[in-house]
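Participant: Following the hints, put chain U in place on chain R, whose structure we already have.
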Amino acid sequence: MSTDLVLTYVGFFMMGAIALIGAVLAVSQRNILRAALGLIVSFIGVAGIYFVLEAEFVGVVQILIYVGAITILILFAIMLTRGLMQGTTSGHNSQWLAAALLAMLLFAALALVALGTNWNVAATRVSSDLIPKIGAELMTTYVLPFEAVSLLLLAALVGAIVIARE
Amino acid sequence: MDILNDLFVNAQIWLTDALRALVAGFGLAQDAEAALVAVVMTLLSIFAILLFMVLMVLILIWLERKVVARIQDRLGPNRVGPWGLLQPVADTIKMFTKEDIVPANADRLIHTLAPIIVMVPAVLAFAVVPFGRGMQAIDLNIGILYVVAVGSIGTIGIFLAGYGSNNKFSLIGGMRAVAQMVSYEVPQVLTIVAVVLMAGSLSLNRIVEAQSGWGGLRWFLFAFPVGPIAFVVYYLSGLAEVNRTPFDLPEGESELVAGHHTEYSGMKWGLFYLGEYFNFFVMCSIGATLFLGGWNGPLLPPYVWFIVKVYALIVLGMWIRMTWPRFRVDQLMGFAWKVLVPIALVNIVLTSLALPVLKTIGLI
Numbered sequence: 000m001s002t003d004l005v006l007t008y009v010g011f012f013m014m015g016a017i018a019l020i021g022a023v024l025a026v027s028q029r030n031i032l033r034a035a036l037g038l039i040v041s042f043i044g045v046a047g048i049y050f051v052l053e054a055e056f057v058g059v060v061q062i063l064i065y066v067g068a069i070t071i072l073i074l075f076a077i078m079l080t081r082g083l084m085q086g087t088t089s090g091h092n093s094q095w096l097a098a099a100l101l102a103m104l105l106f107a108a109l110a111l112v113a114l115g116t117n118w119n120v121a122a123t124r125v126s127s128d129l130i131p132k133i134g135a136e137l138m139t140t141y142v143l144p145f146e147a148v149s150l151l152l153l154a155a156l157v158g159a160i161v162i163a164r165e
Numbered sequence: 000m001d002i003l004n005d006l007f008v009n010a011q012i013w014l015t016d017a018l019r020a021l022v023a024g025f026g027l028a029q030d031a032e033a034a035l036v037a038v039v040m041t042l043l044s045i046f047a048i049l050l051f052m053v054l055m056v057l058i059l060i061w062l063e064r065k066v067v068a069r070i071q072d073r074l075g076p077n078r079v080g081p082w083g084l085l086q087p088v089a090d091t092i093k094m095f096t097k098e099d100i101v102p103a104n105a106d107r108l109i110h111t112l113a114p115i116i117v118m119v120p121a122v123l124a125f126a127v128v129p130f131g132r133g134m135q136a137i138d139l140n141i142g143i144l145y146v147v148a149v150g151s152i153g154t155i156g157i158f159l160a161g162y163g164s165n166n167k168f169s170l171i172g173g174m175r176a177v178a179q180m181v182s183y184e185v186p187q188v189l190t191i192v193a194v195v196l197m198a199g200s201l202s203l204n205r206i207v208e209a210q211s212g213w214g215g216l217r218w219f220l221f222a223f224p225v226g227p228i229a230f231v232v233y234y235l236s237g238l239a240e241v242n243r244t245p246f247d248l249p250e251g252e253s254e255l256v257a258g259h260h261t262e263y264s265g266m267k268w269g270l271f272y273l274g275e276y277f278n279f280f281v282m283c284s285i286g287a288t289l290f291l292g293g294w295n296g297p298l299l300p301p302y303v304w305f306i307v308k309v310y311a312l313i314v315l316g317m318w319i320r321m322t323w324p325r326f327r328v329d330q331l332m333g334f335a336w337k338v339l340v341p342i343a344l345v346n347i348v349l350t351s352l353a354l355p356v357l358k359t360i361g362l363i
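Chains R and U are the protein sequences, given in the same order.
Oh and the first sequence: position 89 is 88 in numbering that gives the first Met the number 0, straight run, nothing missing.
Oh and the second sequence: position 359 is 358 in numbering that gives the first Met the number 0, straight run, nothing missing.
Read the hints as simulated data drawn from the structure, not as lab findings.
Keep in mind that the hints are not guaranteed to be accurate.
As the list claims (entries may be wrong) - Not the full set, but computed from the structure, chain U residues with beta-carbon under 7 Å of chain R:
id, residue
1, ASP30
2, ALA31
3, ALA34
4, LEU139
5, ILE141
6, LEU144
7, TYR145
8, ALA148
9, SER151
10, ILE152
11, PHE158
Backbone N, C-alpha and C fix where the C-beta goes; we use that ideal spot for every residue, glycine too.
Bound conformation, chain R alone (with noise of 0.2 Å):
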């Protein structure tokens, strides 16, 4: 095995640690800020999963929608919605098992599709410039389901403006 392939599984594999022990943070905190903490953990460890792996930009994006947007969403969300310093919570309720079911049943289809799926390796290095041909692509190929993606965007924004108002 070459060095550098020797570096990539280091990376990927301290990657892929640091995105589970997030994942097990997220779940396990009893205290729902510090469980929000674990998620960012475990985002920005995918993230790194995405650099180790050459594709920068889905990564800045990761961190860019997941981390800079989305978890500040949560902590907005935890912060207007039960008293901040209440402390601790249980985290279990009376649905544990439906969701335990629910969550088996999602790993056993994502287990299916990914044994399923023949991974063709590219014989030729794709061109490091991809962002001209995602753009080009989201304005041809794929402009439908980009324009819904904005409606609904849209749609969401009004509707929290009318939320908010009442």
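Facilitator: Only chain U this time, still in chain R's reference frame:
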């Protein structure tokens, strides 16, 4: 002249060669040698950038106090060293020797983590800043997107500082900071889109190269009329992002004691202080890169041009800080969403429309 121009690049090449010669003595495999050299060189460049940053912050602290003092018709620090130059050193020693206090009912872990989370993103952003020709740690092809993404992490740190201190002033400061930083990120990113349109790339290196015409003076700032508009919007929202006056509501001392860092002391407070200046320096470096042509310029070496431009923006920030009063909370959000965001959006449309014209008359 050439020696001066490429001073640091040549130093790096010389160091790499020396290291390679040293490693060759270990008798490792070919690719292991290359990897070792690459890792050591990466660590060295991280160290060099950190050292440079800390030095810059020491100068910034001194400069800020001096400039502020002159604007207020005072002398400023003048006791420690010549012209008070050693004042930041004295400040640092003071910070290191102060007691580190954590409030009794605070969340210890979050209280400790917060200053680190504020500090780290600012350092990370420097990985892609082009300090001079060939003086960039990594040339990411999505450089500017990386800076924006990394910058958004800092918000979490300030929020956690507000929450983890278990103090009402801190909490209000933290909530203000999050609302403000999230709001002002929007116009900032939108103005960056205008620059990306003009340069045709997200790579900071190529954005700088796109401004290299006219002997290094064809900056996007002069791409009339869209360039100046984008610059003003970028600079104002940048000031809000780094919580400087007139946008320093999260730590407004006349209302909130010290906002999110009320309960911090010693070196933890020092990290906030350092992080604030790091962020300010990053904001001005990116501003200089995007609008003032980065390291482009006639006669002087590229890195000198870069530093001069960054410091021009920094002094502008200090001037604004001393001459404008602080915003009110209700004005603050309105200014972002009702003034800056529409201007930035119109500016994007205008840029795409004006692009062919600007290219024909040679402004970009």
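Participant: All the hints need checking, so say for each whether the structure fits it.
Facilitator: Comparing the hints with the structure gives:
1. ASP30: holds, 4 Å
2. ALA31: holds, 5 Å
3. ALA34: holds, 4 Å
4. LEU139: Constraint on LEU139 (chain U) satisfied, holds at 6 Å.
5. ILE141: holds, 5 Å
6. LEU144: Holds, about 5 Å.
7. TYR145: holds, 5 Å
8. ALA148: holds, 4 Å
9. SER151: holds, 3 Å
10. ILE152: holds, 6 Å
11. PHE158: Cβ of PHE158 (chain U) sits 6 Å from chain R, so the hint holds.
In terms of the numbered hints stated before, the structure departs from none.
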